[in-house]
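Got chain A; can you put chain B on it based on the hints?
Number of protein chains: 2
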Amino acid sequence: MGWTSKDNDERRRHRVVIVGGGFGGVRAAKALRRLPVDVTLIDRNNHHLFQPLLYQVATGMLSPGQIAPAMRSLFRGQDNVRVLMGDVHGFDLEQRVVQVAGQHELEVPYDTLIVAAGATHSYFGHDEWAPDAPGMKTLDDANRVRSRILLAFEQAEQAQTPEERAALLTFVVVGAGPTGVELAGQIAILARKILKKEHRSFDPREARVVLLDAAPSVLPPFPEKLRRHAEKDLRKLGVDVELGAMAVGIDADGIDVRDEAGERRVPSRTVLWAAGVQASPLAAMLAEASGTSTDRAGRLLVRHDLTLPVHPEVFAIGDMVARPGVPGVAQAAIQEGRHVGKVIAARIGEQPEPPAFRYKDKGTMATIGRTHAVANVFGMKLTGLLAFYIWGFVHIAYLVGWGNRFEAVARWMWTIVARNRRERLISQTSLDSSARAAPAPERVRVHA
Amino acid sequence: MGWTSKDNDERRRHRVVIVGGGFGGVRAAKALRRLPVDVTLIDRNNHHLFQPLLYQVATGMLSPGQIAPAMRSLFRGQDNVRVLMGDVHGFDLEQRVVQVAGQHELEVPYDTLIVAAGATHSYFGHDEWAPDAPGMKTLDDANRVRSRILLAFEQAEQAQTPEERAALLTFVVVGAGPTGVELAGQIAILARKILKKEHRSFDPREARVVLLDAAPSVLPPFPEKLRRHAEKDLRKLGVDVELGAMAVGIDADGIDVRDEAGERRVPSRTVLWAAGVQASPLAAMLAEASGTSTDRAGRLLVRHDLTLPVHPEVFAIGDMVARPGVPGVAQAAIQEGRHVGKVIAARIGEQPEPPAFRYKDKGTMATIGRTHAVANVFGMKLTGLLAFYIWGFVHIAYLVGWGNRFEAVARWMWTIVARNRRERLISQTSLDSSARAAPAPERVRVHA
Numbered sequence: 000m001g002w003t004s005k006d007n008d009e010r011r012r013h014r015v016v017i018v019g020g021g022f023g024g025v026r027a028a029k030a031l032r033r034l035p036v037d038v039t040l041i042d043r044n045n046h047h048l049f050q051p052l053l054y055q056v057a058t059g060m061l062s063p064g065q066i067a068p069a070m071r072s073l074f075r076g077q078d079n080v081r082v083l084m085g086d087v088h089g090f091d092l093e094q095r096v097v098q099v100a101g102q103h104e105l106e107v108p109y110d111t112l113i114v115a116a117g118a119t120h121s122y123f124g125h126d127e128w129a130p131d132a133p134g135m136k137t138l139d140d141a142n143r144v145r146s147r148i149l150l151a152f153e154q155a156e157q158a159q160t161p162e163e164r165a166a167l168l169t170f171v172v173v174g175a176g177p178t179g180v181e182l183a184g185q186i187a188i189l190a191r192k193i194l195k196k197e198h199r200s201f202d203p204r205e206a207r208v209v210l211l212d213a214a215p216s217v218l219p220p221f222p223e224k225l226r227r228h229a230e231k232d233l234r235k236l237g238v239d240v241e242l243g244a245m246a247v248g249i250d251a252d253g254i255d256v257r258d259e260a261g262e263r264r265v266p267s268r269t270v271l272w273a274a275g276v277q278a279s280p281l282a283a284m285l286a287e288a289s290g291t292s293t294d295r296a297g298r299l300l301v302r303h304d305l306t307l308p309v310h311p312e313v314f315a316i317g318d319m320v321a322r323p324g325v326p327g328v329a330q331a332a333i334q335e336g337r338h339v340g341k342v343i344a345a346r347i348g349e350q351p352e353p354p355a356f357r358y359k360d361k362g363t364m365a366t367i368g369r370t371h372a373v374a375n376v377f378g379m380k381l382t383g384l385l386a387f388y389i390w391g392f393v394h395i396a397y398l399v400g401w402g403n404r405f406e407a408v409a410r411w412m413w414t415i416v417a418r419n420r421r422e423r424l425i426s427q428t429s430l431d432s433s434a435r436a437a438p439a440p441e442r443v444r445v446h447a
Numbered sequence: 000m001g002w003t004s005k006d007n008d009e010r011r012r013h014r015v016v017i018v019g020g021g022f023g024g025v026r027a028a029k030a031l032r033r034l035p036v037d038v039t040l041i042d043r044n045n046h047h048l049f050q051p052l053l054y055q056v057a058t059g060m061l062s063p064g065q066i067a068p069a070m071r072s073l074f075r076g077q078d079n080v081r082v083l084m085g086d087v088h089g090f091d092l093e094q095r096v097v098q099v100a101g102q103h104e105l106e107v108p109y110d111t112l113i114v115a116a117g118a119t120h121s122y123f124g125h126d127e128w129a130p131d132a133p134g135m136k137t138l139d140d141a142n143r144v145r146s147r148i149l150l151a152f153e154q155a156e157q158a159q160t161p162e163e164r165a166a167l168l169t170f171v172v173v174g175a176g177p178t179g180v181e182l183a184g185q186i187a188i189l190a191r192k193i194l195k196k197e198h199r200s201f202d203p204r205e206a207r208v209v210l211l212d213a214a215p216s217v218l219p220p221f222p223e224k225l226r227r228h229a230e231k232d233l234r235k236l237g238v239d240v241e242l243g244a245m246a247v248g249i250d251a252d253g254i255d256v257r258d259e260a261g262e263r264r265v266p267s268r269t270v271l272w273a274a275g276v277q278a279s280p281l282a283a284m285l286a287e288a289s290g291t292s293t294d295r296a297g298r299l300l301v302r303h304d305l306t307l308p309v310h311p312e313v314f315a316i317g318d319m320v321a322r323p324g325v326p327g328v329a330q331a332a333i334q335e336g337r338h339v340g341k342v343i344a345a346r347i348g349e350q351p352e353p354p355a356f357r358y359k360d361k362g363t364m365a366t367i368g369r370t371h372a373v374a375n376v377f378g379m380k381l382t383g384l385l386a387f388y389i390w391g392f393v394h395i396a397y398l399v400g401w402g403n404r405f406e407a408v409a410r411w412m413w414t415i416v417a418r419n420r421r422e423r424l425i426s427q428t429s430l431d432s433s434a435r436a437a438p439a440p441e442r443v444r445v446h447a
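Here the protein sequences come in this chain order: A and B. Here the first sequence is numbered in numbering that gives the first Met the number 0, starting from 0 and rising by one per residue. Here the second sequence is numbered in numbering that gives the first Met the number 0, starting from 0 and rising by one per residue.
Okay, chain A solo, but in the shape it has when bound (with noise of 0.2 Å):
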């Protein structure tokens, strides 16, 4: 069964393209496997990444693989779906076609798209920010945070004066959305807990967390209850927590910061960055050739249905696309994609037309350091070690896999145990590298 042999078939099965293969690409994929249609699936990566938990392979607490099952092991039992890893970089909506840059440029014709390519962090049109302050949405970015933080400890070591070695021991998270206050307070455990006793030259535990945002509070979409209680879980965990705060300079040694008091200039040679965030690029092309238009963050307007105007055989959904009420969280992608696979399974005739797609809250949560957390589900505002089991009850159960969950838990326990984290290697790769190489595009028609 060549990729390319199905359009010899008389009787076509309906062909079903996704873009992208988070946690909206892969519902929507699952959400369509017994139905008569052949599913192609693109993706950039290998892997399907479980993003909630990105943090802490940034902190060295998982390993990549823990995260991020390989996407085609995901669907060994679910013959009616290929996997095809590749950039996508154009859409003809006309043709039905999607352009792809894989091995080779592929053109893959559709019936139905459905475009779920999700979100990359945004330097607020400050791109020059990019490699003194790296972001976090791909695993290759989480592997480069984890070598910056343990490299600027190693650095510390041999630093020749105090001022060095603070600018060395300060780390500045700019951002203070669940991922910065998640983030930072994992580099406060870092330095307090596991480093503890691990240098000669001076103690970890000097080092300073700053966690830096514009907004007057830390997790702006939770209740204030929470957001206080977090604000002092982790300034209890050692964090400045620094609001009303905006990042206006970022280079190799330090960040600029403006505040009510005026401008001021803190010393450091790890910002990290966890602040902005803007839609897939694949967003802007969609609207522009569908005639719709994006909102401030690059997020496609779609209709309530899902679908784009004039194109209802084209779906976007997850945290690319612009609807009111529903936030940018995985629940929300999951959701969707879960509705899509219903829509296309009424559409050929298979199912009846589901209800119009409604968003349901099911809470929001955030880690605080080790056995902290703060909770807002079941219409109840939860902190502390309470709140924390049920963070991890539900990480746990949206993680793909009975062994990667098992691996997870067991890793967890055994670091509170030992004060130690498993994966603490200074990659070199990842500190070398800058942009991804291109692929050299070569034009091949697919399914002529």
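Some clues are possibly wrong.
When chains are identical, the list treats them as one kind, so a pair holds in a single copy or across two.
To be verified - With a Cα cut of at most 30 Å, we get these calculated DSSO-like pairs of lysine-lysine: (1) LYS195 to LYS224; (2) LYS195 to LYS29; (3) LYS29 to LYS224; (4) LYS136 to LYS29; (5) LYS196 to LYS29; (6) LYS224 to LYS359; (7) LYS224 to LYS235; (8) LYS196 to LYS224; (9) LYS235 to LYS196; (10) LYS195 to LYS380; (11) LYS341 to LYS196; (12) LYS341 to LYS380; (13) LYS29 to LYS192; (14) LYS359 to LYS29; (15) LYS341 to LYS224; (16) LYS341 to LYS192; (17) LYS359 to LYS380; (18) LYS341 to LYS235.
No lab work stands behind these hints: they were computed from the structure.
Frame of chain A, contents of chain B only:
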């Protein structure tokens, strides 16, 4: 206690500098734990690598952290050891200082020096093969090899001609020593068992794994019975074992092989190098500085007591040293590291003089595929499942830390049951990476 503070101490303690945190260096440092000495352990990486399991990282079984604990964490409880991350690039044997490029250009003085810098791979004068035939000595190497192997399968899914697909599905391993045998076996398992149900445009079992060696048999140092058995096991797994066959050219599209029958071309997009080994360049540097010489593999010729001629205060151990009758294996480095620790103890009057160093051969073994191995241990030549259990037991015993032991065994069991591998990440930064950047030197004198 600053890194530079000790020199002001009136009763300065004996200073031991260890270059290299592999098996030899770490064991030497551990052997000095109860002595009144100050140990500085210098390594270019921040982790201690358990090299015998590196091939399992390269084939997606284990995570980097599971075979590479952070160097510092090994010495948490040993206050007399300082770990320093940096590249050693020179020795001044007269002034007794080691030149290190770390965060700064450092000069680290010693009273006793132990150099245990190991070996790297050698392309036998064909360094131009390196980009197209990556070797495997570091974790970054293993990540690159894994990314290359998995990418070839992804690209094969998109191949446009049978020839292209065949080249993408041909994996050539050059060198049939333990690393080459284990790597070839694991690639075969990957294709035949793990990926079996994951591709749609070809059957992964079509993949061809070629194991090449110029020698007339696999595993040259093993007894003949085991060599024959290993070869048979490899063929059963579907590996093409080609002996008496020499690589004469390697490029991005394949390898030129010369054997009895003449020269031929094997089209392959994934050639892996497990053939030559040469001593660290520090061996030649020490040879020049001390007036001794190196052998063909660049290994340093040392005296019977593992010291340099004219410099009894300088020891060299492990794979970078040539000693008749001692193989280049972990056991030799471990035993030498321990021995040097005892010699130092005797010299500073803390222990009686130890007997002259004698290598105790504890046997050799190699795994083949999932549950087979050959082992030459306890005077017995073992094969099959029993050898595999012994292999597993010994490797687990030598792995550092109960957590890693537990996780490795759990993964091996899970892999057999689930027919999957945990760590199947294709890393873009691994694929893009070339040579590592040299740190900018800046001269600062330490311990002046």
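- prompt: Is it within, between, both or neither when you check LYS341 against LYS196 at 30 Å Cα-Cα?
  reply: Classified as between; 26 Å across copies, 55 Å inside a copy.
field: Intra- versus inter-copy proximity for LYS224 and LYS196 (alpha-carbon distance at most 30 Å)
entry: Result: close neither inside a copy nor across copies, 36 Å intra and 50 Å inter.
query: Within a copy, between copies, both or neither: where do LYS29 and LYS192 come within 30 Å Cα-Cα?
result: between (42 Å within a copy, 23 Å between copies)
field: Status of LYS224 relative to LYS341 across identical chains (alpha carbons, at most 30 Å)
entry: Neither: 38 Å inside a chain and 62 Å across chains, both beyond 30 Å.
query: Which holds for LYS195 with LYS380 at a C-alpha limit of 30 Å: within a copy, between copies, both or neither?
result: neither (34 Å within a copy, 47 Å between copies)
Up to 30 Å CA-CA - LYS359 versus LYS224, copy category: within (22 Å within a copy, 66 Å between copies)
field: 30 Å Cα threshold - placement of LYS235 relative to LYS341
entry: Result: close neither inside a copy nor across copies, 47 Å intra and 47 Å inter.
- prompt: Between LYS235 and LYS196, at a C-alpha cutoff of 30 Å, which is it: within one copy, between copies, both, or neither?
  reply: within (21 Å within a copy, 50 Å between copies)
message: Please sort LYS195 with LYS29 into within, between, both or neither, judging by C-alpha distance up to 30 Å.
response: between (46 Å within a copy, 20 Å between copies)
message: My question is about LYS359 and LYS380: at a cut-off of 30 Å on alpha-carbon distance, are they close within one copy, between copies, both, or neither?
response: Close inside one copy (17 Å), not across copies (64 Å); limit 30 Å.
- prompt: Taking 30 Å as the upper bound on the Cα-Cα distance, should LYS196 and LYS29 be classified as within, between, both, or neither?
  reply: between (48 Å within a copy, 16 Å between copies)
message: Regarding LYS195 and LYS224, is the shortest C-alpha distance of 30 Å or less found within a copy, between copies, in both, or in neither?
response: Answer is neither; intra-copy 33 Å and inter-copy 52 Å both fail.
Hints 1, 3, 8, 10, 12, 15, 16, 18 from the list above are not met by this structure, while the remaining hints are.
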